[in-house]
Amino acid sequence: MFTIKGKTGEWELVIGLETHIEVLSNSKLFSGASADYNPTVPANTQVSFVDAAMPGMLPVLNEFCVEQAIRMGLGLNAEISRTSKFARKQYFYPDLPQGYQISQPAEEPPVVGRGWIEIMSDDGKPKKIFIERAHLEQDAGKLKHDMNPTKSFADYNRTGVALLEIVTFLDIKNPENNSFITSPDEAETYLREIRDIARALDVSNANMEEGSMRADVNVSVRRAGTNEFGTRTETKNMVSFKFIKTAIEYEARRQIEILENGGTVSQDTMRYNQADGTTSVMRSKEDALDYRYFPDPDLLPLIIEDETIENIRKTMPELPAATRARYVKELGLTEYDAARLTETVEISNWFESAIGDKPTRAKPIANWIISELFAHPEHCVLDKSLQRDDSLRIITPSDLAELVDMIATNDVNGKMAKDIFIKMLDGENGSPKQIAEKFGLKQMSDNGAIESVINEVIAKNAPQVEQYKSGKVGLIGFFVGAVMKATGGTANPEIVNKILKDKLS
Amino acid sequence: MTHLINLTITKALQKLKSGEITATELTQAYLDRIEKFGADLNCYITVTPERALADAAASDARYAAGNPLPLDGIPIGMKDLFATRGIRTTAASKMLENFIPEYESTVSQKFIDSGAVLLGKTNLDEFAMGTTSKTSFFGAPINPWQIEKNLTPGGSSGGTTSAVASGLAIGGTGTDTGGSIRFPAAITGLVGMKPTYGLCSRWGCVAFASSLDTPGPIARTVDDAALLLSAMAGHDEKDSTSAAANFYVKDELPIIELKKLRIGLIKEFDSVEISNDMKRLFDARISDLKSAGAEIVTVSIPNILDALAAYYIIAPAEASSNLARYDGMRYGLRVEGSDLIDTYKKTRAAGFGEEVKRRMVVGTAVLSSESYEVYFMQAARVRRLIADAFDRAFEQCDLIVCPSSAGTALPLDSDLTPLEYYALDLFTVAQNLAGIPACSVPCGLAENKLPLGMQVVGQKFDDMRVLQLAKHIEKFAGLDNKPTKILGK
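Chains A and B, in that order, are what the protein sequence lines are.
For the first sequence, our numbering begins at 1 and goes up steadily by one.
For the second sequence, our numbering begins at 1 and goes up steadily by one.
It should be emphasised that the hints constitute simulated quantities derived from the structure, not laboratory data.
One should not assume that every hint holds.
[Unchecked claim] Take a look, some chain A residues computed to stay more than 12 Å from chain B by CB distance:
hint	residue
1	G16
2	A53
3	G113
4	F130
5	N174
6	N261
7	Y293
8	P295
9	T334
10	K363
11	A401
12	D405
13	K418
14	N429
15	K438
16	F478
[As the list claims (entries may be wrong)] Which bits of chain A does chain B cover? Going by a derived footprint, with three or more residues having C-beta under 8 Å, they are:
hint	region
17	96-102
18	219-225
19	297-305
20	420-427
Beta carbons: idealized from backbone N, C-alpha and C, even for Gly.
Can you build the whole structure from these sequences, using the hints too?
The structure is reproduced here in structure tokens:
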């Protein structure tokens with residue numbers, strides 16, 4: 001278990017995450033305006049009268065967003081509330097036109113109730129992380145402070161886009177009956193898992209860099225081996241895995257130092273300072289805002305029929321955890337490779353399509369994808385957020401399957417395969433076989449032909465043969481190199497090795 | 001020949017259909033009268049003569065072509081709470097003094113679709129908060145009854161009641177959050193119908209208290225109110241609280257048989273002090289109904305006297321939230337301050353009047369985390385009890401009747417405390433809390449020759465029978481509310 005050593009002993013971390021993912025949907029949570037707010041869309045062009053909070057405008061719940069929430073809920077192994085409610089969280093800020101955010105606060109039942117996901121813990125064992133709830137709410141607009149020295153500008157394209165906030169569970173009343181995140185690495189693993197599930201279900205792009213996934217991080221510390229919970233702080237609006245890990249560790253150390261010096265931790269809201277990786281108080285507990293929640297009178301309770309849930313359940317794809325387990329068990333991949341290949345459905349689909357009906361291809365294809373294709377995503381359309389560029393030579397799953405098959409049948413060696421791959425990247429059309437043919441890339445596997453080259457090499461290098469025979473077996477590399485050079489790199493290195501060793505012994 | 005202005009909607013539609021009058025003539029008569037009396041009565045915030053004449057010309061064309069719409073050529077006043085595309089919509093607030101919406105409220109659109117003619121936007125209490133229309137930024141409208149006495153036409157829909165009673169509109173719209181249609185209708189001798197919550201869409205109607213706000217018609221007769229309601233009602237998918245229900249009357253209300261009707265009197269209202277006039281007229285109408293064969297029963301709504309307290313928690317709470325959007329950032333008034341917070345403060349201090357501020361302060365307080373449970377939740381429980389009690393009462397009777405107010409219209413310069421003004425809503429707020437239909441219908445003239453009204457209250461979606469019983473009471477009362485009689489020609 002992860003602990004931090006303080007002056008007076010070891011400390012454990014108790015970490016809670018409130019993860020916001022932006023729900024994929026054509027229109028916003030309560031209006032018909034497009035939910036596409038990406039930076040290329042001109043400011044304030046995706047804003048309905050409802051989003052701008054014009055007088056008399058009323059919200060109408062987008063059913064698709066509810067279905068997305070249910071889908072994610074099922075992915076989190078969670079209960080779906082048959083009845084949930086929306087309430088208003090009220091505060092003034094220019095990015096919030098209504099003067100309130102329509103949300104499903106803790107006082108009301110959320111659309112998604114208790115659930116769990118499994119992650120790999122720091123000690124390499126699977127571990128359940130309990131989920132308290134996931135609820136729908138409106139996103140705010142964006143303020144731009146850098147366009148004018150004295151004025152700020154507001155872009156309401158993002159205003160009202162649906163967010164799903166997923167909150168981890170900590171059973172405060174039963175300290176022994178818990179399973180939660182206890183280290184910065186586990187926090188990252190958890191967030192990656194949430195991301196992968198959201199992507200597998202097409203519920204969210206869940207991309208931290210793009211802002212479609214953000215997290216608030218709750219941290220408290222306690223002496224190793226104790227059960228009681230300490231006072232937590234909440235660090236708001238974290239937008240990268242790295243920052244989250246740094247913030248958790250910094251915040252834990254800060255709290256430990258306070259406690260070890262006889263102080264008490266205050267339940268404050270913190271801000272993370274990217275420049276130096278520290279946290280500082282944004283709002284103390286005393287200054288906590290009173291959001292004056294109350295049920296939104298413009299909206300009826302959200303009633304979800306069993307049939308709706310069952311219909312969604314029927315369309316649930318295999319979730320990343322199950323896919324990963326299958327890759328490890330049935331295809332013999334490492335946990336790491338399995339995780340990389342299940343980051344998105346696009347990747348796992350591509351991978352499985354390349355394997356086709358030959359499971360023996362799995363390992364080499366996994367290696368090619370992870371070490372080569374991931375470096376050239378534009379050539380394989382593994383990332384659907386990338387614009388497909390038709391001027392590029394797209395590498396298809398069957399291209400890669402053919403290539404690894406050529407290696408397996410000794411038609412080409414690894415070096416040649418890499419050359420073929422580079423030629424494809426450079427725009428060479430035709431299948432790998434055709435490219436090999438065109439450029440004469442064929443491995444020499446004929447024993448007789450190789451043997452005659454070897455005979456020549458041995459004849460020309462008598463002194464080295466002497467040395468080898470007297471014990472300098474390291475010279476085998478020299479002979480292999482000479483044979484490869486003489487065959488223009490086409491000789492099958494395995495056969496060369498074998499014959500050389502026979503001849504020299 | 002009847003003065004054009006004295007025609008009811010029913011009569012006017014007959015004459016328009018027969019070609020005896022044109023929509024343009026009728027509209028011009030109203031515009032002339034607005035020209036003559038509008039400034040004195042202050043019942044319109046914005047008059048739209050060009051629009052009115054264009055609407056009327058279009059109506060005349062449809063009559064000529066033989067395919068008129070249900071309310072073709074009927075000139076109405078629209079409470080200035082309903083957004084009208086391209087026409088200033090103020091909610092009688094300085095905050096929205098120059099606000100011109102780019103959208104049309106569902107209710108006003110339905111009137112367009114029905115062929116009605118828009119005369120203008122009528123005055124009201126600021127954001128519909130008040131019982132006298134005195135809180136309007138544009139000054140109070142005046143009750144045309146005994147105009148020299150400078151009486152209130154009631155509120156918050158006082159601009160519409162002033163206009164309809166004086167013949168500056170043939171009928172009009174109101175909104176009723178705690179009595180804002182029924183009380184002003186009662187003290188101006190008009191019929192004011194608060195339909196079932198959800199029957200008329202709130203979309204595009206500036207929100208005061210969303211769970212209570214109910215658009216409805218104001219007219220000179222019950223039949224007219226039914227015709228206007230037929231145009232206004234209907235499901236609207238843009239309003240999530242809109243009901244999958246409709247209301248439709250062709251030409252006039254069918255007569256309901258009084259003999260089979262059980263009419264309930266609310267026991268708890270017996271202890272409420274009302275004027276001798278109100279008592280006399282109410283009792284007279286009850287005995288009329290009894291003589292006509294109706295069965296009178298007593299029902300109990302145990303918490304009905306707590307309705308006022310519950311209402312003045314729930315309505316301000318919702319208002320404080322609904323009015324948060326008027327922050328000077330996107331539209332409406334903006335007063336620059338030294339920084340963001342200062343701009344908020346200055347804008348809202350300058351844009352809202354006293355009563356609106358008072359209610360927002362109350363609303364903010366009752367929603368604060370330390371007050372929420374004891375005030376807001378308690379009020380919500382009282383609301384539930386009242387709604388349940390009405391449900392039980394309607395197992396013992398078909399419809400309920402009660403006074404609309406304690407007495408006749410007060411002078412505009414009356415110096416009541418806010419609480420005394422709030423008490424004027426005593427007979428009306430419970431129906432809003434329960435979401436049930438209630439119609440105020442004239443029940444006669446008081447000693448001082450001012451009109452009084454009484455209410456017919458029904459179960460949810462029993463709007464038709466509410467109006468049908470009101471029609472009987474209207475006939476028994478026989479009040480002469482012709483505009484030329486009230487205000488002269």
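Results for each hint:
Every Cβ of chain B is farther than 12 Å from the Cβ of A/G16; the closest lies at roughly 22 Å, confirming the non-interface assignment. Against chain B, the non-interface label of A/A53 is violated: not every CB pair exceeds 12 Å, the least being about 4 Å. No Cβ of chain B approaches the Cβ of A/G113 within 12 Å, the least distance being about 23 Å, so the stated non-interface status holds. For A/F130, the non-interface assignment is confirmed: its Cβ lies about 27 Å from the closest Cβ of chain B, beyond the 12 Å cut-off.
For A/N174, the non-interface assignment is confirmed: its Cβ lies about 26 Å from the closest Cβ of chain B, beyond the 12 Å cut-off. At roughly 33 Å from the closest C-beta of chain B, the C-beta of A/N261 stays outside 12 Å, upholding its exclusion from the interface. Residue placement check: A/Y293 does not keep its beta carbon more than 12 Å from all beta carbons of chain B (closest about 8 Å). The Cβ of A/P295 sits about 9 Å from the closest Cβ of chain B, inside the 12 Å cut-off, so the non-interface label is violated.
Interface exclusion of A/T334 from chain B stands, the closest Cβ pair being 51 Å apart, more than 12 Å. Every CB of chain B lies more than 12 Å from the CB of A/K363, the least distance being 55 Å, so the non-interface label holds. The non-interface label for A/A401 is consistent with chain B: the shortest C-beta to C-beta separation is roughly 51 Å, beyond 12 Å. Distance to chain B confirms A/D405 as a non-interface residue, since its nearest Cβ pair spans about 57 Å, more than 12 Å.
Every CB of chain B lies more than 12 Å from the CB of A/K418, the least distance being 59 Å, so the non-interface label holds. Consistency note on A/N429: stated as away from chain B, and its beta-carbon is indeed over 12 Å from all of that chain's, at 53 Å minimum. Non-interface status of A/K438 relative to chain B is upheld: no Cβ of that chain comes within 12 Å, the nearest being about 63 Å off. Listed as outside the interface, A/F478 is consistent with that label: its C-beta sits roughly 76 Å from the nearest C-beta of chain B, beyond the 12 Å cut-off.
With a cut-off of 8 Å between beta carbons, the region 96-102 of chain A has 4 residues touching chain B; three or more are needed, and the interface restraint holds. Note: the region 219-225 of chain A has 0 residues with beta-carbon separation from chain B under 8 Å; the three-residue rule is not met and the coverage is violated. Counting residues of the region 297-305 of chain A whose CB lies closer than 8 Å to any CB of chain B gives 4, so the stated coverage by that chain holds, three being the minimum. Counting residues of the region 420-427 of chain A whose C-beta sits closer than 8 Å to any C-beta of chain B gives 0, which falls short of three, so the coverage hint is violated.
The structure is inconsistent with the numbered hints 2, 7, 8, 18 and 20, although it conforms to all the rest.
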